[in-house]
Every structure is written in C-alpha cells, then in structure tokens.
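Protein chains in written order, with full-length UniProt numbering: chain A, 1 to 462; chain B, 1 to 462.
Simulated from the structure, these hints should not be mistaken for lab results.
Treat the numbers as computed from the prediction; the structure is a model and nothing was measured.
Mixed in with the good hints there might be a few duds.
[Stated by the list, open to error] So the derived label-pair ranges between C-beta atoms look like this:
{"hint": "1", "chain 1": "A", "residue 1": "214", "chain 2": "B", "residue 2": "123", "range": "25 to 35 Å"}
{"hint": "2", "chain 1": "B", "residue 1": "177", "chain 2": "A", "residue 2": "241", "range": "27 to 37 Å"}
{"hint": "3", "chain 1": "B", "residue 1": "241", "chain 2": "A", "residue 2": "299", "range": "52 to 62 Å"}
All C-beta atoms, glycine included, are put in the ideal place defined by N, C-alpha and C.
Number of protein chains: 2
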Amino acid sequence: MSDPRLQALQQAVPDLRLKTEPADLEHYGRDWTRRWTPAPLAIALPASVEEVQAVVRWANQHRVAIVPSGGRTGLSGGAVAADGELVLSLERMNKVLDFNAVDRTLTVQPGIALEAVHNAARDHGLVYPVDFAARGSCSIGGSIATNAGGIRVIRYGNTREWVAGLKLVTGSGELLTLNRGLIKNSSGYDLRHLVIGSEGTLGVVVEATLRLTDPPPPSNVMLLALPSFDVLMKVFAAFRERLQLEAFEFFTDRALHHVLAHGAQKPFEETHPYYVVTEFAAGDEIQEAAAMAAFEACMENGWVSDGVISQSDAQAAQLWRLREGITESLARYKPYKNDVSVRISAMPAFLEETQALLGQAYPQFDVVWFGHIGDGNLHINVLQPEGTGDAEFVEQCGHVTELLGQTLKRHGGSISAEHGIGLVKKPYLDSTRSDEEVAIMRGIKRVLDPNGLMNPGKLFDS
Amino acid sequence: MSDPRLQALQQAVPDLRLKTEPADLEHYGRDWTRRWTPAPLAIALPASVEEVQAVVRWANQHRVAIVPSGGRTGLSGGAVAADGELVLSLERMNKVLDFNAVDRTLTVQPGIALEAVHNAARDHGLVYPVDFAARGSCSIGGSIATNAGGIRVIRYGNTREWVAGLKLVTGSGELLTLNRGLIKNSSGYDLRHLVIGSEGTLGVVVEATLRLTDPPPPSNVMLLALPSFDVLMKVFAAFRERLQLEAFEFFTDRALHHVLAHGAQKPFEETHPYYVVTEFAAGDEIQEAAAMAAFEACMENGWVSDGVISQSDAQAAQLWRLREGITESLARYKPYKNDVSVRISAMPAFLEETQALLGQAYPQFDVVWFGHIGDGNLHINVLQPEGTGDAEFVEQCGHVTELLGQTLKRHGGSISAEHGIGLVKKPYLDSTRSDEEVAIMRGIKRVLDPNGLMNPGKLFDS
C-alpha cells in the first residue's frame, strides 16, 4: 500500500477493506471476456452505502477512476479494470434488507447473487422472474447495470420491468433514492430507468427494491427438432398463437454438439440441423391439448421432424440443460460473442442475410448459433480455432462485426440485446445508436459524473 | 400575423398551418386546469415530422418557447401557454402509421386520441390496455408525456410499459429514433424511458410504437359498500389474494353524491360512507366461486355492508360510471386536485394521517376522495365553495398541499402519481424529489434542450 492515494483512502475510510495483492488485482480486474490484462490500482470492498460514498468522494479528490464490480460474469468487458482504476467490489454488500408482503417487494444490496434473490423470493411463496444461466455467480447490481434479459423475457420482460426502486451513489458521491418502490409516480424524469442499463457509467447502485410475482402455473418443456432454418419463425408462430409461452429458445446442431461433448445427454437418435426448447403453461387438459395441437400442426407442415415433451421435472431440467449448457461448453474455445436483436417480424430476413454473411465471412470457423428467438435475440458465437492467436482472431471477428452491424442497421436492430456494450461492442455502437444519441448520452454522463470517473471508457469514450 | 418572428416562421415553413385568432389563442393556450390566463404567441399545427423540426429550429433562432400540445386534458397545467409561447399542436398528426401483427405493435402519430388507439387495436383482435376517463379527448402523445396511469394499472402497469419505441424531436431540432420497437436492447442509456413522463420539457414526441396484447378474459364488475375507511385495505387484500384483479377503485359517499347529481343511477337503497368498484377475471366457475368467497369473507368480517355484481355488460358500464363519472361531475366546482401515491403497504397509515390533516385543514370545504387504491394512488379533490375567489381558494389549498407534502415525505410517497407536475405541483416537487435529483433533471434538460425552449417553467424552473 505504498501508493499515497491509497494511503489517503485508508485514512479517510479507516474501516474500508482494501486489497492490493497481485492475485486480487488479477481476480477482480477481469470479467468473463478474458480479453484484457487486468491492471487495477486496488480493490475496495465497502460494507455500507456510507463507505461507497466516501470512496467516490476520495476518487473525485484524487481523480481516480472507479469500476463498479459485481459477479464479473459480464460478456462485454463492462467490469474490466485494465487501466489503473479502483475496483469497487460490492461483494460484501450482499444481504436481503427487507421483504414486504403487501407490496410484494424484496429490497436487497447490490452484491447479492441472482440465485439468492430467487431463493429469498421462494421462501415467501413468490418469484423474482428474471433468470439466466449465470444466476449462481452474477450479482443483482450487475444485472441492473446491463438490464439483463435471459430465458424468461418472452413472458416477464427484462430486469427493467422488475425494479421498483434504486439507490444510486452518483459520480459526485451523492446518494439518490429513486422511485422508492412506488407503482405510480409521475414526478419528473424517471432516473431509475436511466440508471438501469447504464453499465456503471453514472454511479454505483447500492440498493434495489425488486418486484416479486406469483409463481408461474405448472409448465411443460418440449424439445423440437427442425429440418431447416427458414421454418423457425413458423414454428414460433404456431406455438405462440396456441400457448402461454414461458420460453422459446433456439440452437443449432453445432451448439448441441458442444453441449453433448460437455456431458449432456443426447435427446434424439438422429441428428437434426436445428433445435428449439420451449416451455409453456400446462396446468390442465386444455393447455396440454393445445400443446399437442401446436406440435402436430408443425409436424404436418414439415416444420418439425421430431419432438420430445418432458414427463418429469428431472426430464425438463435435462432438456433445459441442452440450451443452458451451451455458454459453459464453449468457454474453453474463447468464443467471440455476438448478442444481437431485431424485431421479431424482421427476424426471417435478418436471419437469412446474416447466415449468408457469416457463411462467407467465417468459412474456416466453427460458428455456434443460439438464442431467445421469441424476443428477437440471437447469440452468434465464433469459436477461436487452435493455432489462431488471440489478437488475430479478435481482429478477424471485429471485421465481421462491422458487416453484421451494417445488416443490423438496415433492420433496425441492436448490437447488444442483453450483454451491454462495455468495451467489446463499443466500436460498433454506431450500428445501433445515432451520433446525436451518443452525444446526448455523453452529456447525461457529465451531469451525473462531472469528473468522468465512473467506469470511464465503457459504453463510449467521454 | 404582424409579429416579425411569425412572418419568419411562415417564410421558413410555407405550408405550416398557423393560427393567431384570439379565440384560438384562448382555446389552445389552456388545459383542463383553467387556472392560468392563456397568452400564447400563436398556434402552429404541423403536419409532419419535418415541419416539427423546422418549427423547433425556428424557435432556437428566435428564442421562442414551445409548448407541445395534445388533447390538453391534463390536470397539472403541463400544456398551459400563458407567457407568449408558441403552442405546437399535434392534432393534425393523428394517424395510425402501421400495425405489425408479428410484433403486435401499433405505430401512431402523437396527436391520435387514446380511444382511437383502442379502436385500432380492437380492429386487429388485440388491445392497448392503458385506459382512463379522458380517452376520447386526450392524445397518445400527452399520455406518454405524463406516463399516464388510469384504471387498469393494477393489471397492466402505466403507459411506460407499453411504449416499444419513440421518435423525439429534441429541443435542438434533432430527430431521435429511440428503441425502434425492440424487446431487448442493452445498448446504452434508454432515452425512451427518459422521455416518457418528461412533460414535453425535453422535446416533442412525434411518433410512438405501442405494444398491444391479447384481450383480457371475460370479467365481472362488483360494487361494494364499506362501513368505514380503515377496512379498505383489508377488503383489497381479500380480493387480491383470491382473484386476478383488473381494477380496484375507491370513492367516498361525497363522490357518489356528485355523480348521482350528475345523472348516474343510485346503486343501493341505503347510503354508505365508502365504496369500491372492482373488476376481475370471471371466465369460469372457479373464478366466480372465488369472487363469491372474497365477498363473503368481507361480509362475515363486517368489512363490507352491501354489494352488487354485474349481470350484463350494460350493468357493468353502469357500475363503472359511478367511478368514472366523478371527475366530470366535479368540473363545475373547479376542484383543487391532489393526485398522490404511496406504496400499498404505507396506505393505511398514510390514509389515517391524511384524513386527520384534511379534517383539520378543510372543515369548511367539500372534500371528495377517490382513487386507484390497488396502485397506492389517491385523488383528493377539494371543491371551491361559492363565494370564495379563485386566488384565495388556490392559496388556501396550496397551504394544505404543503402539509400533505410533508406527510408524503414521511411515507416515501409522490405528489403526482399520474397527472404530472406541470405548473400545479411544481411548488411541491421537493416533497417527492431531492434537491440533487432536481439538479440532475435540470442538467439533463440542458443536454437535450440547450436553449431551454421546450415547455419552460413546467416541472421545474430552469
């Protein structure tokens, strides 16, 4: 702790836990992207809102940049600290502060894991319905910072829909208490929504009041095998018009290949080019008949070649694993991740163009497609071939992302559906947001963070 | 049209329709508040986005303030032009531009009436579920500017939840295309949500893409008579735990008195101090049995003294009229309107304190209570007595609003649940938003409206 700035910090906040060991700098300085070399100044682990405010005030005095840090499961480099920043880890602020049965809200500290929120809600007979595969390690603060989506968006919407109140320490160290759990509040600009999805660039979320809801009705999970890509949206329409969908997820044979290699169980004897996992309400005979009708309509039209429906919770989990295990199964190939979205109606044309583009651009690469088709959200993972260096691989992929960005622009899509922009997508933000919008975002950042210290260089350059 | 600024405007936008007749200035210069004397410079009625942009550019050149104007049904003075502003009426931009069956969206111009949106959705077998009594005259743009709530919030949320995309002409005349109908889009600050509820202070909404949904299941309407105020939240809990509520609305005997005097039909032989209108899904026998169980539980506990359930659509409409007719029935008394909200769990204590406060403050006044209890939203209308002058009445009411603001502050509530702040609630904004929040709002306004020309003086003083 020889840095005089850190000595000043420790003096200003005597109880603040600070870490400066090389292993800690390495651990806290990176997220799941693994593309940047961590190089933070130090790690601060505050235990209270007051400590967070004191750290931010210190940062303003000494002009030290701050990287707010949750579970660091992000895929866009939003939590990377590679430039002498102070990592402000919220991992010690991980408690449930309050449950309110009448309001049906859970108030939590930002460092709590998503799964712990799920468990706390369940203890009270309710659910927090935002869900995705990183649930065990991601923090609720991080999910708010990226407006995380996941596998239930088709039914419940994004994180944004479930945040009834926020406390934010701004870049100036002021504590804002936003919306305070109210259902109706038309008293000026909704700064809560401004903060959600701002990737730590406006301040540090230090508390969140989350809405809970009733558990969903009993459901069934179905795995469908599709003969071709162009029937995908037809299958979706057939299921959506007949059923209350809880999820509708797509993946390719290449994705399945990697999950099976990672230990999952093969669902069909034969191999098919495309698959869908869908979950839908199936509490009574009417709903079950509707599910069969959807399936049969697809079979008759030749849109589906095979299918299996879960007969137990264990089998439902097995089918889900085929989709949810994809990201983990690909991790060792250091995939270049695209996370794009278009309107559902634009999906067929967008898929066709993108398929052609990628076939041309990546003939030599293993490209794995999957995604939340029911939300218009597609993940395209390009696997790094052995023998291709990191820098070379990223450069090649970056070039294709440029082309993908042009396609997105034509279809009014987004270069980041749910991962955020961070460092990874920053060069391509102009595919989705106009120069005027980015200038306005910069201006807004200056209002909440006048010295530009909150996660600088993420989302856009100041 | 002797004003040289208007001549310059007409020259710059030759096809722009302009009105300067005194009757037009009077008509377009006021909203439903009727407290301010209209005094606009002129009325511009653009027919296209380009014309709106041209008007805003002219306003910047000549430093003329602009009041964006929809149906002017607002209750907080947000659309008042009393200080030489140009009223920018969107009434000619009132078309449906697109319906997309796959995305389930309706794209409309801002001047279209809410009811016309309802009808357009219904033509496609879907619904736009935001609804309130001014549906025939309010514009969708105005409902977005105030994040309007209404009678279905308990089931469907506020306007905010149903806006998939917006086009905004900023205070600088730039056209922003925000979110473009996407379900998932984590590409930086969600400026769409910043605009919703900003009361025309950041720019002019020139297009909106609205989400539609399936029609609700068949429902029943029930009118309940309550013996006292303190059972209200118990009745709410009894109904909420058993039924899928579509609405849960409360009003007092004084409110009923005015609606009956206005021509509605008396629902019960006897008089009761408090009433509830509730609507709930009732498509099958299970739901109907649940409704009876809720009613009987309330009767057994003495929380409800009488009740009637609709047997037909006509009767349902009759019961609804008792609640929806209140505002109209009070109009001739020029009521001073409070539109406050707290969390539902804070409602009992808040109601008790507020009742005591108003009993003390307004012993001489007719005070009419009603509201959306299921959303924590209460409307308190104070009727202007004959013989009390406008200014004196507003001053007396303003003093009580100060006290009400203090109560709200203690309970973490909002001085405006759904009407907006406008001019009417501006003096009391500090009951709901901190000085830091207001400073941030001012800073954000400067980013989107550098010359402070968009609806200046509304919400806050620049």
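Hint by hint, here is what the structure shows:
Residue 214 (chain A) and residue 123 (chain B) have their C-beta atoms about 32 Å apart, which keeps the hinted 25 to 35 Å range intact. The given range of 27 to 37 Å is respected by residue 177 (chain B) and residue 241 (chain A), whose C-beta atoms sit roughly 30 Å from each other. The beta-carbon spacing between residue 241 (chain B) and residue 299 (chain A), approximately 42 Å, falls outside the hinted interval of 52 to 62 Å.
The earlier numbered hint that this structure contradicts is number 3, and it is the only one.
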